[in-house]
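> Under this note's numbering, the residues of the sequence shown are numbered 75 to 618, in order.
Derived from the structure by calculation, the hints contain no laboratory data.
Values in this document were obtained by computation on a predicted structure and should not be read as measured data.
Each hint should be verified, as a subset may be incorrect.
[What the hints assert, rightly or not] 27 Å max Cα-Cα, derived DSSO-like pairs, lysine-lysine:
| id | residue 1 | residue 2 |
| --- | --- | --- |
| 1 | K362 | K447 |
| 2 | K279 | K339 |
| 3 | K339 | K362 |
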Amino acid sequence: MHFEEQPLQVPEETARIARAAFPQGNPYLTMRDELGVIYQNRTFAWLFSHAGRRAEAPGNLALVLVMQYAEGLTDRQAAEAVRSRIDWKYALGLEMSDPGFHQSVLGRFRQRLLAGGAAQALLEAMLTHFQQAGLLSGRSQQRTDATHVVSAARELNRLELVLETLRTTLEAVAQAAPTWLQAQVTADWFDRYGERMPSYKLPRKRSARRTLAETIGQDGHHLLQAVYGEGAPAGLRQLPPVAVMRQVWVQQYMVEEGQARWRDKGNLPPGSRMIHTPYDPQARYSQKRDVDWVGYKVHLTECCAPSAPRLVTDVQTTPANQGDSTVVGTIHTALARRGLLPATQLVDAAYLSGANLANPAGVTLLGPVADDKSWQSRAAEGFALADFAIDWDSQTVTCPAQRLSRTWRPTTDRCGRPITYVRFARADCQSCSHRARCTNGQARTLELLPQPHFDARRAARQRQTTPEFWRAYRLRSGAEGTISQAVRSFHLRRSRYVGLAKTHLHNLLVAAAMNLTRAVAWLQGRPIAPTPISHFMRLKPMLT
75 MHFEEQPLQV PEETARIARA AFPQGNPYLT MRDELGVIYQ NRTFAWLFSH
125 AGRRAEAPGN LALVLVMQYA EGLTDRQAAE AVRSRIDWKY ALGLEMSDPG
175 FHQSVLGRFR QRLLAGGAAQ ALLEAMLTHF QQAGLLSGRS QQRTDATHVV
225 SAARELNRLE LVLETLRTTL EAVAQAAPTW LQAQVTADWF DRYGERMPSY
275 KLPRKRSARR TLAETIGQDG HHLLQAVYGE GAPAGLRQLP PVAVMRQVWV
325 QQYMVEEGQA RWRDKGNLPP GSRMIHTPYD PQARYSQKRD VDWVGYKVHL
375 TECCAPSAPR LVTDVQTTPA NQGDSTVVGT IHTALARRGL LPATQLVDAA
425 YLSGANLANP AGVTLLGPVA DDKSWQSRAA EGFALADFAI DWDSQTVTCP
475 AQRLSRTWRP TTDRCGRPIT YVRFARADCQ SCSHRARCTN GQARTLELLP
525 QPHFDARRAA RQRQTTPEFW RAYRLRSGAE GTISQAVRSF HLRRSRYVGL
575 AKTHLHNLLV AAAMNLTRAV AWLQGRPIAP TPISHFMRLK PMLT
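Sequences are here, hints too, so could you generate the full structure?
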């Protein structure tokens with residue numbers, strides 16, 4: 075491979091000047107002295123061609139990306155730091171006279187990582203190095219939490235969405251087949267779609283906005299028919315903007331008698347499934363408590379043993395609408411591959427599905443299982459699921475009035491998960507003296523998880539009634555501090571890039587930058603800052 079050499083030792087002159095400039099020490103000097111070379115060239119060598127001019131050392135480029143995120147620098151600022159800063163030259167093992175590289179090298183290296191599916195190596199290579207250095211070990215206790223990541227693309231209202239979708243599609247088709255497109259449009263198209271229309275120029279009246287929306291819809295319908303019709307140039311159907319537009323038109327319009335009709339709000343797909351911007355079609359809408367956003371969700375897992383630095387061991391990025399419980403298996407698979415599968419994982423209730431509690435990976439999920447949400451459970455004297463006796467072998471359920479169920483039907487819920495539908499006889503329920511406490515319908519029905527999942531969920535509910543559980547679970551609160559640091563110091567909640575893959579790269583770099591700063595702080599003996607307490611709250615022990 076044609077690379078700049080990656081020095082194993084810091085050049086003598088660079089070391090002398092750095093020691094003179096930082097007599098009290100420096101985080102990057104400590105990093106290089108204690109940890110050596112974190113990223114090896116061979117980890118990323120396969121991303122480069124054997125031919126061509128010699129490239130910058132990919133191991134150093136990976137470290138520059140991480141240090142860039144650690145300090146919140148742009149590509150231009152990071153490239154300038156490589157040229158001008160003594161501590162960066164020391165960390166990278168460069169001569170003081172090294173001229174560095176152009177800022178575009180960093181962007182191209184990120185593109186290579188994404189194209190080669192090697193973004194994960196930024197975190198995995200670092201974790202492997204930390205394991206070898208004795209800073210990280212498997213089977214330690216870990217904790218996981220998630221937060222939202224807002225898409226880099228601006229959120230659009232419905233009218234802006236269809237307008238921008240058609241405009242970007244026309245731009246893509248104009249590049250691919252200009253002569254063909256010219257024959258498909260009329261002069262008024264150039265007035266409507268020639269330039270981006272700011273929101274303040276859009277009609278204010280509802281009737282005028284609907285008229286414009288249906289005009290755009292009909293224009294788009296005409297374009298799609300032409301693209302998918304006979305005589306269209308080869309390759310137009312494969313253009314990504316065309317595929318996005320086709321989905322948007324299905325979501326926003328109905329075609330009636332050859333005319334595209336604007337969908338009313340009550341006839342739209344769920345917001346979590348809709349495309350909200352043509353510039354980031356993978357971004358999805360979601361809501362959690364009082365926060366709603368369009369973008370993605372990131373799950374951070376970190377070790378939390380008191381005798382080691384709190385390093386992030388896994389990062390998972392999902393669309394915003396994907397449930398937390400669906401990523402637990404993926405997290406465990408990734409941790410097992412790295413030799414970092416924990417014995418206990420502290421999580422919140424969103425991760426604790428029955429399938430995850432009956433964990434085949436051998437990890438104990440510790441967290442508060444959500445209570446039964448049925449009205450019978452909330453009622454003071456209602457009969458909840460826990461009041462029914464289940465005989466799994468005979469596939470029957472006995473109610474509190476000692477009546478046997480009549481129907482036991484395995485099926486799946488709307489998400490495709492296995493459940494068993496149980497129903498009692500209508501005659502038994504209507505004649506029962508406890509009916510008001512049991513059901514508002516004609517007969518009581520139950521939905522049961524598979525037995526291993528049901529038993530695991532019931533055992534978890536029993537466990538969380540003990541003081542020992544809550545003492546052990548107190549450690550999970552530290553995950554909030556990790557999310558706070560990632561957001562405040564490393565800007566986790568706003569992606570720098572567009573698309574799921576690039577947003578995941580952003581999240582991986584944030585995690586690697588956090589690990590770097592935390593490992594160096596541990597090596598320098600800097601303690602973890604305690605949770606701040608206001609002066610007023612400090613008075614509380616004095617009154618008790």
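> Hint by hint, say whether it matches the structure.
The hints, checked one at a time:
Restraint check: the Cα-Cα separation between K362 and K447 comes to about 18 Å, which is no more than 27 Å; the hinted pair holds. For the suggested pair K279 and K339, the alpha carbons sit about 17 Å apart, so the restraint of at most 27 Å is met. A distance of roughly 22 Å separates the Cα atoms of K339 and K362; the hinted pair therefore holds under the 27 Å criterion.
Consistency with the previously given hints is maintained throughout, with no hint failing.
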